[in-house]
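For the protein sequence lines, the chains are A and B, in the order given. Quick note on numbering: my numbering labels position 855 of the first sequence as 855, and the sequence is numbered without any gaps. Quick note on numbering: my numbering labels position 341 of the second sequence as 341, and the sequence is numbered without any gaps.
A portion of the hints provided could be inaccurate.
Note: identical chains are not told apart, hence a pair may lie in one copy or across any two.
Taking lysine-lysine and the BS3-like style, the derived pairs with C-alpha atoms no more than 27 Å apart in a straight line are [unchecked claim]:
1. Lys56 to Lys544
2. Lys132 to Lys337
3. Lys753 to Lys512
4. Lys781 to Lys670
5. Lys113 to Lys337
6. Lys113 to Lys62
7. Lys311 to Lys62
8. Lys113 to Lys143
9. Lys753 to Lys784
10. Lys337 to Lys546
Think of the hints as simulated: they come from the structure by calculation, not from any bench.
Number of protein chains: 2
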Amino acid sequence: MIGKIHKQMSHDSWLFSKMATPEYTPFVFLLLLFQSSVWGVPVCQTPQESPTCGYKSCHATKPGMLNVHLVPHTHDDVGWLKTVDQYFYGDRNDIQHAGVQYILDSVVDQLLKNPDRRFIYVETAFFYRWWKQQTDDMQNTVKQLVNEGRLEFVNGGWCMSDEATTHYSAVIDQMTMGLRFLNDTFGHCGRPRVAWHIDPFGHAREHASMFAQMGYDGFFFGRLDYQDRNRRMVAREQEMLWRASESLTPPMADLFTGILPNGYNPPEGFCWDQSCDDPPIRDDPDLEDYNVDDVVTRFLHIAHGQALVYKTNHIIMTMGSDFQYENANLWYKNLDKLIRYVNQMQSNGSEVNVLYSTPSCYLQELHRANLTWPLKGDDFFPYADSAHDFWTGYFTSRPALKRYERISNSYLQTCKQLEVLGGPISRKGPFGAGDSETLKKAMAVAQHHDAVSGTEKQHVANDYARKLANGWAHCQVLVSNTLSSLSGSSAPRVYCEHLNISVCPLTETSKKFSVNVYNPLARPVSWPVRLPVNGTAYSISDAKGKAVDSQVVPVSQATAAVRQGRGYAVNELLFQVQAPPLGYSTYSVSLLQNGPPSPPSPLPRFLRVTFDPETGLLSSLSNLETQQTVKLSQNFYWYNASDGNNSESIQMSGAYIFRPNTSTPFIISKTAKIETLQNSVVQEVRQWFSPWVSQVVRLYTDSRALELEWTVGPVPIGDDLGKEVISRLDSSINSSGVFYTDSNGREVLQRRKDYRPTWNLRQSEPIAGNYYPINSRAYIKDDKDQLTVVTDRSQGGGSIQDGSLEIMLHRRLLYDDVRGVGEPLNETSDIYPEGLVVRGRHLLSLSPPATAADTHRPLAQEVVLQPLITFTDGELHPSTRLEFSGLQAVLPPAVHLLTVSQWDQDTVLLRLEHQYQASEITHTLLSLGGDPSVWEVNLKPMEIRTFLLRVRQR
Amino acid sequence: MIGKIHKQMSHDSWLFSKMATPEYTPFVFLLLLFQSSVWGVPVCQTPQESPTCGYKSCHATKPGMLNVHLVPHTHDDVGWLKTVDQYFYGDRNDIQHAGVQYILDSVVDQLLKNPDRRFIYVETAFFYRWWKQQTDDMQNTVKQLVNEGRLEFVNGGWCMSDEATTHYSAVIDQMTMGLRFLNDTFGHCGRPRVAWHIDPFGHAREHASMFAQMGYDGFFFGRLDYQDRNRRMVAREQEMLWRASESLTPPMADLFTGILPNGYNPPEGFCWDQSCDDPPIRDDPDLEDYNVDDVVTRFLHIAHGQALVYKTNHIIMTMGSDFQYENANLWYKNLDKLIRYVNQMQSNGSEVNVLYSTPSCYLQELHRANLTWPLKGDDFFPYADSAHDFWTGYFTSRPALKRYERISNSYLQTCKQLEVLGGPISRKGPFGAGDSETLKKAMAVAQHHDAVSGTEKQHVANDYARKLANGWAHCQVLVSNTLSSLSGSSAPRVYCEHLNISVCPLTETSKKFSVNVYNPLARPVSWPVRLPVNGTAYSISDAKGKAVDSQVVPVSQATAAVRQGRGYAVNELLFQVQAPPLGYSTYSVSLLQNGPPSPPSPLPRFLRVTFDPETGLLSSLSNLETQQTVKLSQNFYWYNASDGNNSESIQMSGAYIFRPNTSTPFIISKTAKIETLQNSVVQEVRQWFSPWVSQVVRLYTDSRALELEWTVGPVPIGDDLGKEVISRLDSSINSSGVFYTDSNGREVLQRRKDYRPTWNLRQSEPIAGNYYPINSRAYIKDDKDQLTVVTDRSQGGGSIQDGSLEIMLHRRLLYDDVRGVGEPLNETSDIYPEGLVVRGRHLLSLSPPATAADTHRPLAQEVVLQPLITFTDGELHPSTRLEFSGLQAVLPPAVHLLTVSQWDQDTVLLRLEHQYQASEITHTLLSLGGDPSVWEVNLKPMEIRTFLLRVRQR
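Based on the provided sequences and hints, a complete structural model is requested.
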């Protein structure tokens, strides 16, 4: 378990060896691999090196002394208690005093006053807003500061993303947006060398893997399990090498990782921000309370103490915190004095040397120390800051926002693809001006660790949703323009965003309409479509004019209850659609007058499900292809959220923290009332558990997954009990205390009950302490059977008993959990004054463990990148192109087309990904031949490669 | 009641006519009249005029429009919730966020960013601290800002003095210290042109008179009675000419006076300080919540509304408040935008023009308007901000601090005189390094409107006292050095600061010691000395060796109780001393072994007092010279302080506010236990009213005043009732609802019950609404008799019934009065854990009204400038000079030597004052012939003239 930083210094300033490989140019930090394009034109020159920025700009240290690196910094949440724009402008200071525009104003002013001073800035979402309001003079001044290494960007993404509830594709997008802005604006010297996730509540291995692949030289964070920290402090293992992938060949996913000494705060007594009350340095002997001696003594004491728990004679101190440096003078004036007075003591024999520094300068000194660091292979979940304070509630908090974020990602990928496929007309076409930028930015801020995490105030959550909706609106224009261009039809295009609750005014009323299904995947998909209708029979034809089997079924009672007057369809029209890769297909739908419903004609399917007739619950699941069967029941329960007994010393459940009052969840109903429904397209069992919990178990023809569409809410709180609702699967699988969860939707980690791989866990919360984030899937298995659940959003879950897998669906809480948000997680709105109703899907598959990924990998992709369905009313013009594909050939099954996006006028960004782990496949190297060209791409398991393609408009 | 600003513009930038008289050079603002010194050397050249500062630096306005003068400013209390040094450094921000060092840092930075910006600064105590920490570069930058009028000093005293509880001599001193610093540092452009008392709680006419005489062009304040303000708003009389003296010939004490529109705060919704929550201007249309239109509309609405209650097409808005501008960027960034966007509306027909301005630029426009202003002759006391919220409690709050401040002033004047008389040896002599600077600065900050006013937190009050005590210590070294030099004896000199409670270790134990009595007045004084001793008989000889009559009397029980172990004298030695003007006399005291006490030998006295044998209370007072007698009783009472009924809507008594629960005070005891004592030096009646109230009524031989030495405390609060203790005199004088109080120790104003001279009062507080500040004296009179009380400190008082005069002595309260101080006025300390005991003196005189001033003017002076008594143990060396006078001749009775102070190495500051009002004397012009020179000084009643004398060391 011992690793070593690779020490070869590349040309002048790159720390770690992988940087030196010719494959990675400096631009690799954008996750872009610049290669000659297929037309042979180099797309990027190597940027000019500035002689003074980067590692060269670091202040000298004193080898024989304890060197204390003071790192002035601010942590600017891209939304939390206030919206991102409120934070930027300093609006609503009654909620929280914070104004980022002023922070940047002030820091620049103060950096100019003393060339020794340093500052790091993190969140490009804010920096970008500020930058575009500055004069040319100010922009040049800032460039100079950056070129001299006095202002250094760290992390540099659009935001500091959450690690537990984000999907890797959205994280890569937001990092790309931030880093691209820095590169475009500052060139080489704007390049962040260090990843900096000081606040997220636990750390995902996939994030470290991505950071490593992006070319960061190191990673620093502040929060980890208190037991883990304590052990690492004693063992001096707070700095380590994180080997962040089991698939990628080291050092591809190796990342030096450091734990900061005080979270991200200054040491106690040394906070000189306007938001702090610590005594300033009073160094005028003519005034009262001269305190220089006291300050120096206290500082030396802290520095020596900190040096005891780190390995080198360099230590780092984060001098800043949330939204600090709005008046940077307070900080710098006192830091200048601190440095002067502490270093003055060297003439009296002190061996402590204090300096302004940055994380990368600190990292450089660690590198020079030439030590061997402990190796880390797992992740940092779950995060507990005390025995009963597990931050595992936010894995599920705000499930509707989490879902909206996830489908917004799908929509954004589609939008970006259609921007490329449509060309300039997509942005300015028959339907007006459209763009993908708005949704890109909305999605980028939604990745923030108080956004999709669900840990923001309600009004801020509303703002994220509003921003996403605005992004959708802009994309819809773009999509309409492109589809109009590709299809040759400028018929008005209708979007129905509430199909999940069977609301679509067009299909509810129209007698003739067409359905366009766009598939953002690089392989053809087949997909069941459910449209709200009021007719009883429809005829459907596909793009080739062929009739398509369809069924009309009644809308469920649960759906009718949920939509609350927003739709009046009594039936749903079901049919299966097919769409080509990166393309669309069009289906025409016509109402049949009193046509007879198709007779139920059950076809052979891939799965079989049985239900217990006594309880109405699932009783078994069989894979008919592999001939395997497991006993499987499923039901809904709720944990009684701890209310803290009205005492501040007892932790309550809240937006962040999950703390059930007892370890045994309460069952909502032992039995379900059921209705069954069976036809050529689908088999459904509709289960009703209570007025606020229902479910439809669906098995579509052609599907290898069983769909459990759950509907939960409004969670009742009339009993004054906060509730955390789970769906629990109980199976005959002999899982032996182990289950598996994905990391940010990519590689899967093993989880073992009451166990952590890197320290001897003293388990203090039998439920919450065994919860982990599930971003896209979780599974349990034994030698024979693997039961995999693919989720449609991030959720928390655990396996408390062998064979059991529980996933938290919804939470409604009556108390704040005292981590700052200051609100109970009690989602109500004008539309749902009684409390939020949430609907979602779990897709279950049963496979032999060795081949399970063949099902769950593509399945999860189809959930992440779902087809976009649009409608046009009436008859289509005969010249309309009913089918289109942007790909000349289908990509191999292992290759996922992660991103297709317009980069600039002539350039398209392309990301290709090997979507399997090494353990999930037999052949690990995958070659992708370019056609018609000499271009060949090699992808190893879990590798992501990025290309900029120079595109000529045809 | 109509006055007019005198409009002649003097040379280039002086507004008002009196400035143009040759007698007033630009230096008059220091209250210094620069004349050729007696040695014929001019002491000051006329400073060079900068072409851009002052009125010339004002921004242009638009004649046809409503011009809104935005005045960025900060109000920096020189102590209040924190000490002055805590405020300077920004220490103890847990109490209140405030750091003046950062304010000045930040404002200078921000002024440099845009030459249009303006800022005014007020409190030189803070500016001085900041200035001396700056580099030469920064000092030059600031000089440039001042020279260009971008940074303008207003008021400019060391602090913004309280107006109700300060003595004019200390106010002049503190103004001199601040203005001198500005003049020395910045020259002409540092000169404040307006007085700026935006926060004091009511306004004294004497302050306006002083400001007028100092050469200020105008005066602005924020607080006045709510009824007064309402009437003035309707009548557009918020701007006026204050004729601030009944004695000085107009326009000598005329001062343009303006009432600011929002106290000193910005209009509602426009506070952009870091301490405020108002929405910033969000002018980026790409971000959410663009609000420029809303801000402009709201601003125009407010501006038009304000214009309705002022006379010209210019209005002023104070954009700042307490300790604001610590991060000036927030203010200026938004003000820049406000000005830009509001003025942009002019192209759409708006007739509002906004500009950065200063009070003097605003004043210049009022001057140019050439209007006639209403005339004001009385003052602005008492101040009520609502019907039951009279700020008349602070007239008495912290009576011990008020007394300590007053005797510190006396001590400082003595110290300054002895610095001049001793020459350089005073500052560095046989007793070490002494100075008057420390006490000067301590006294200057003690004048602040939350210092001597008693409205600061307890720990801050302690700090003021500590600073004064430190000043005393520095002065004591100086005094010892000078007295050693003048007397030729370097015997150790002992100071006894607790003679008022009969504590002095030297006199208590020594068998032989000498007493040096220094007299700071310019006329000889006779003074009773009381020394704590343990012997029973002493022989005393004066400087000429002549025996002095003395008496030994027992220490009173009240005194023994109060001193609580700090002294053990059983007796007091009484004798009368004489001291020459500006000089000292020395008395030798020797213990007589068992010598018989002197027989009581009553001598004829000037007064006669009778007591009611039934009650032990005073019953009459007679002036034996004028043969007049009044019935006079006196007793102690307490008002039950309103506790607000635990409701926030009901005002309670507190540090600021006096609100008795009922209008009838509770009597402490109807009868007093008495002891009498009578000898050749004094007659005493010792009255005991309760365990916490006692009094000694004393009549000294040779005294024209009856001394009532009261001792009050600890005020009991075991009954949970806050108490406001008064001494009330009830006489047979037919005062007809009228009484008189002095203003800052100088001119006297008539007060009429339930009446205000300038509006029809609706009286809502029959007691508190009839209270006025008494700084040095109050009196009632009828045609025949005037009963005058001279106080030893500032106190509040009233005449609720005819013939009655009550003075509040002490207050102990259980609730905060919600004006910010956040503490109940409940003075306890380690020494007095049960509550503070306060002792003081009222000196009563009875005279015919026409000649009463002949008694009370010199009497009050003797209280304000009391002799300094020092001791040396043992026998003095025979060569010791036992008597000294610094004056060659006694000054005429009407002339008061207000100040003698070393100005610089060669120069002495001299202030002479006519101490009578015009109505108090018959001949109004007084000539003072210089000897041996051609110098002659003319003084008119109440005139103060200032000289700098070039002094040659002999």
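When no copy is specified for Lys113 and Lys62, does a C-alpha distance of 27 Å or less occur within a copy, between copies, both, or neither?
Only inside one copy: Lys113 and Lys62 sit 25 Å apart there, 38 Å across copies, limit 27 Å.
27 Å Cα threshold - placement of Lys544 relative to Lys56
Neither. Shortest intra-copy (64 Å) and inter-copy (86 Å) distances fail the 27 Å Cα cut-off.
At 27 Å max between alpha carbons, let me know whether Lys753 reaches Lys784 within a copy, between copies, both or neither.
Classified as within: same-chain Cα gap 21 Å, cross-chain 102 Å, threshold 27 Å.
Could you figure out if Lys113 and Lys143 sit no more than 27 Å apart (CA to CA) within one copy, between two copies, both or neither?
Answer is both: 16 Å inside a copy and 19 Å across each meet the 27 Å cutoff.
Cα distance capped at 27 Å. Does Lys311 pair with Lys62 within a copy, between copies, both, or neither?
within (16 Å within a copy, 69 Å between copies)
Could you place Lys337 and Lys546 in one of the four classes (within, between, both, neither) given a Cα distance threshold of 27 Å?
Intra 81 Å, inter 65 Å, cutoff 27 Å: neither.
When Cα atoms must be at most 27 Å apart, do Lys781 and Lys670 count as within-copy, between-copy, both, or neither?
Close inside one copy (26 Å), not across copies (97 Å); limit 27 Å.
Between copies, within a copy, both or neither: which fits Lys113 and Lys337 at Cα up to 27 Å?
Both: 14 Å inside a copy, 26 Å across copies.
For Lys753 vs Lys512, is the C-alpha pair at or below 27 Å within one copy, between two copies, both, or neither?
neither (55 Å within a copy, 92 Å between copies)
How would you classify Lys132 and Lys337 at a CA-CA limit of 27 Å: within, between, both, or neither?
For Lys132 and Lys337, only the inter-copy Cα distance (16 Å) is at most 27 Å; the intra-copy one is 34 Å.
Of the hints listed earlier, those the structure fails to meet are numbers 1, 3 and 10, in rising order.
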